[in-house]
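Chains H and B are the protein sequences, given in the same order. No gaps in the numbering here: position 7 of the first sequence is 7 in this note's numbering, and each next residue is one more. No gaps in the numbering here: position 204 of the second sequence is 204 in this note's numbering, and each next residue is one more.
These aren't lab readings, by the way, just hints derived from the structure by calculation. All C-beta atoms in this analysis are idealised placements derived from N, C-alpha and C, irrespective of residue type, glycine included. One should not assume that every hint holds.
Some chain B residues judged to face chain H by a derived CB distance under 8 Å, without partners named [unchecked claim]: (1) Val-114; (2) Val-119; (3) Ser-226.
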Amino acid sequence: MRRILSSVRDGVGFDILLVSLTMIFLFALAGMPLVYNVMMSFQEVDMFNLGTFWRPFVGLENYQAVLSQPEFGLVMKNTAFFVFGSIAGQFSLGFLLAIFFMAKFPFASTIRGVFLVSWVMPGLVVGALWGWILAGDFGVLNAILKSLGIIDSTLFWKSDPSLSIWAVTMANIWLGLAFNMMLLSVGLAAIPRDVYEAAELDGANAFQRFTSITVPMMRATIGAVLALGLIYTLQQFDLFPAITEGGPANSSSVAQYWAWQRSFVLFDFAKGATISMMMLIFVFIASVVYVASTRHEVRE
Amino acid sequence: MKIVTLPRLMLVLAIVLAAIYLFPLYWMYVTSLKGQSEIFANPPTFWPRDPDFSIFPETWERRHVGMFLGNSLVIGTGVTALTVLLGTGCAYVLARYRSAWIDVGLFTILMLQVLPASVMITPLYVGFNQLGLLNYPRTAVVLAASAKAIPFYIVLVRATFMNVPRELEEAALVDGNSRWGAFFFVVLPLARNGVLVLAILTFMQAFGEYIYSKSIITTQAYQPASVGLSGFLGPNSTDWNGIMAYAAMYVTPIVAIFVILQRRIVAGLTSGALK
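Bound conformation, chain H alone (with noise of 0.2 Å):
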């Protein structure tokens, strides 16, 4: 006992509190949750033995019953819609955005900065602010398109169901793009000058030096900010109650949106819990390429 209490205050018996204390947290709260969700997807759950963790056991049926939702395959291709166009616009816009403020002019780094801002607002603020910018009849965006001359006829971005899923991914596409600009610029300022220099020297154009060296040398940069895109893109919820709700018909629900209203709208936590454990394939893909290009500094 006393060699265990000294261990505590001299030794590695610290360590081992500290880190035990937090892992016990998260194996309770993150852990055991996660796997109690795999049980759940499993079983039939309804209102009366939501009470008891013994349940009739129904092995794939909740999972066939997703696959036959006639929303199923509308919602994942608006999943994939929207994790796929707010990468992109994220990224290509970060990109340029990261690479002009690379250049060297009074304030660039706190302007830079300031951009950040959209990244610590609370999601459901963004999704409001999105709400009123994007509205039919009076909204500004419309408004502007309109006196630019790009559109002639007034766009009903949130009850078109063509539309509604651009409305949530223009939004995230808001959200997002500061934070990829930020990583991407660690990225960017991590490139020693003297090699542009040295292709300056050599004749390389401006085109040339960005493919052969700004790319291959931002390899792990890309990987990990693509990868933290897709984990983050699927993690997003505040913006579809601020938005549209899914509407109008589900032509602008995504998973996890799906996912939350069949819990906690329609309370079917089994169905909830299902296309959960379906999402969480897509995100440890994204984990593993995400640890695999930050790699270099976890072994170091």
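Since the structure of chain H is already known, use the hints to place chain B on it.
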């Protein structure tokens, strides 16, 4: 000649880009100051004709903004306290050693960081229901949101601890400090700035938390501001100046803190996020 003007031109362009990007924020404040009829003017006015500040006290009263913000404060403080308490020590140990076990720990934490809240809420809700925790809804939200915040916090705070020279801690141990003494009086003060910035960032995130609160807290008196806002926000909203006034009161403290600490927040984030 060219050398003098180019940076100026870039500066102007940068300000224009920032203005376009921050337009939604500007639009929120402008809309909240417009009267009911001016909101629906076509074409919209980009500066309120007759700025009217009475919407703020009115919305504060009518939408119980004070009560909701109080709950957000309780949840934000709870999550931050728990995260700092549990995360700081763990991050320190993970920064201090290099071994296969540390790799396993880091990998586990990275994996936990990626779990979407929308996935975790279903099992957490059913589990909390069985444990009776739903009777203490704000505590339940603090527990759930902390589990989400801690992995992110550890990854970034660990980067801060990596910058503290090992020699200083070893010197303190040689001088007869216990591990506790060396940690609290030498290492922690040196990492103070990083820890503080990330605690503030954790607080900001928890202050805007929505999905756990929406699912777990059913009594209005305990709901945070995000859930309060969602109560009158949706695809068919019309009370836009009320919504924008509410949003402005909710988000202005966060924006103010961000602007003041911008440099440090950006540095704290970029030091660890990619590593």
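Each hint tested on the structure:
no.	hint	verdict
1	Val-114	5 Å, holds
2	Val-119	4 Å, holds
3	Ser-226	5 Å, holds
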